[in-house]
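K.L.:
Letter by letter, the chains look like this.
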Amino acid sequence: MKLRRYARKRILAVDPTHRGFGYVVLEEPDRLVDWGLCLVRSRKEVATLVRVRRLIRHLEPEVVVVEDTRHPGCRRGQRVRDLLDGIAAAAAELGVASSRIPAAEVRQSAATIGVTNKDAVAKLLSARFPELEPLLPPRRKTWVSEDERMAVFDSIALAIAFSKVGAITMIRTLTTLKRYE
Amino acid sequence: MKALENYLRMYRKRAGLTQSELAYLLGVQSSGKISRYERFARRPTLETALAFEVILGVPIRDLFEGVNEDVEHEVKKRARRLRRRLAQRQAHKRKLAVLAAIVSRSSDEVMYEPLR
Numbered sequence: 001m002k003l004r005r006y007a008r009k010r011i012l013a014v015d016p017t018h019r020g021f022g023y024v025v026l027e028e029p030d031r032l033v034d035w036g037l038c039l040v041r042s043r044k045e046v047a048t049l050v051r052v053r054r055l056i057r058h059l060e061p062e063v064v065v066v067e068d069t070r071h072p073g074c075r076r077g078q079r080v081r082d083l084l085d086g087i088a089a090a091a092a093e094l095g096v097a098s099s100r101i102p103a104a105e106v107r108q109s110a111a112t113i114g115v116t117n118k119d120a121v122a123k124l125l126s127a128r129f130p131e132l133e134p135l136l137p138p139r140r141k142t143w144v145s146e147d148e149r150m151a152v153f154d155s156i157a158l159a160i161a162f163s164k165v166g167a168i169t170m171i172r173t174l175t176t177l178k179r180y181e
Numbered sequence: 001m002k003a004l005e006n007y008l009r010m011y012r013k014r015a016g017l018t019q020s021e022l023a024y025l026l027g028v029q030s031s032g033k034i035s036r037y038e039r040f041a042r043r044p045t046l047e048t049a050l051a052f053e054v055i056l057g058v059p060i061r062d063l064f065e066g067v068n069e070d071v072e073h074e075v076k077k078r079a080r081r082l083r084r085r086l087a088q089r090q091a092h093k094r095k096l097a098v099l100a101a102i103v104s105r106s107s108d109e110v111m112y113e114p115l116r
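So the protein sequences, as listed, match chains X and B.
Residues in the first sequence are numbered consecutively from 1, following the working numbering.
Residues in the second sequence are numbered consecutively from 1, following the working numbering.
In short, the hints are calculated from the structure, not lab data.
Keep in mind that the hints are not guaranteed to be accurate.
Label-pair distances were calculated between CB atoms; the ranges are [claimed, not checked]:
(1) X:Arg54 with B:Asp70: 19 to 29 Å
(2) B:Val75 with X:Arg75: 29 to 39 Å
(3) B:Arg39 with X:Arg140: 29 to 39 Å
Okay, derived cross-link-like pairs now, DSSO-like style, lysine-lysine, Cα gap no bigger than 30 Å in a straight line [said to hold, decoys possible]:
(4) B:Lys2 with B:Lys76
(5) B:Lys77 with B:Lys95
(6) X:Lys9 with B:Lys13
(7) B:Lys77 with X:Lys9
(8) B:Lys77 with X:Lys44
(9) X:Lys123 with B:Lys95
(10) X:Lys9 with B:Lys2
(11) B:Lys2 with X:Lys118
Coverage of chain B stretches by chain X, computed from C-beta distances (three or more under 8 Å per stretch; other residues unrestricted) [said to hold, decoys possible]:
(12) 2-10
(13) 13-27
Positions of the beta carbon are idealized from the N, C-alpha and C atoms, including for glycine.
Put together the whole structure using the sequences plus the hints.
P.N.:
Right, here's the structure in full:
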């Protein structure tokens with residue numbers, strides 16, 4: 001079926017870390033336009049919002065996707081909750097829609113195909129997007145904190161979950177990837 | 001969705017090159033110029049654009065998709081106008097066919113699943 005190009009969306013997904021944020025910009029259906037990890041030192045919240053605003057102005061996404069902190073299963077701290085609200089507000093200020101996807105939904109989608117942890121999801125995503133492979137952190141030991149590079153993989157999982165029919169697409173994508181593992 | 005002016009950053013990162021490495025390959029002094037191209041603050045010359053194509057292995061029209069879309073749109077608009085003008089003057093059939101081909105050439109239609 002032929003669709004006009006404008007039917008596609010450019011999605012910016014942001015996932016904050018303890019000292020910055022990871023982001024991806026995905027053009028539907030699966031073109032990864034930009035990705036990275038922004039580290040900020042002082043005045044983290046303000047600096048993060050400045051960088052996110054700059055990304056929105058530069059890449060002009062149709063939608064900004066962040067984690068849904070209002071979901072009962074959300075385990076984010078107050079600082080990140082406020083920051084995510086700030087990102088959504090910044091997007092609205094710049095005339096861009098924002099969408100919130102609960103992390104639990106992403107986890108559930110992955111669990112349906114037997115992928116039960118973030119490391120495995122990240123590995124599958126790096127197989128699908130080889131450009132992300134250099135960012136793939138080593139498997140986390142239980143006594144080590146999460147590597148901040150994981151924020152990039154969390155962002156892309158959010159973007160994929162948002163894209164098209166959300167969780168169903170995520171399941172389909174991960175299932176296809178698992179077949180080639 | 002309107003395409004970005006260029007996708008140099010995306011293809012550079014895919015190739016795993018840094019801005020300074022790309023600057024070196026292009027034969028420019030600093031990576032600042034690459035940054036300006038990637039921020040759409042500056043447009044490269046034809047020689048530089050061709051060098052990008054050689055380095056990144058991607059056709060210019062894909063590297064500069066947004067520019068390409070704008071140029072194509074403008075050319076089509078002019079071709080439509082010229083065709084109308086020539087049709088009134090009983091112009092050569094071949095010329096009209098060429099203009100019709102320009103107008104009907106559709107690069108803005110792509111095969112994708114519908115969004116739900």
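K.L.:
State the violated hints by number, sorted upward, taking the hints as numbered earlier in the document.
P.N.:
2, 8, 9 and 11
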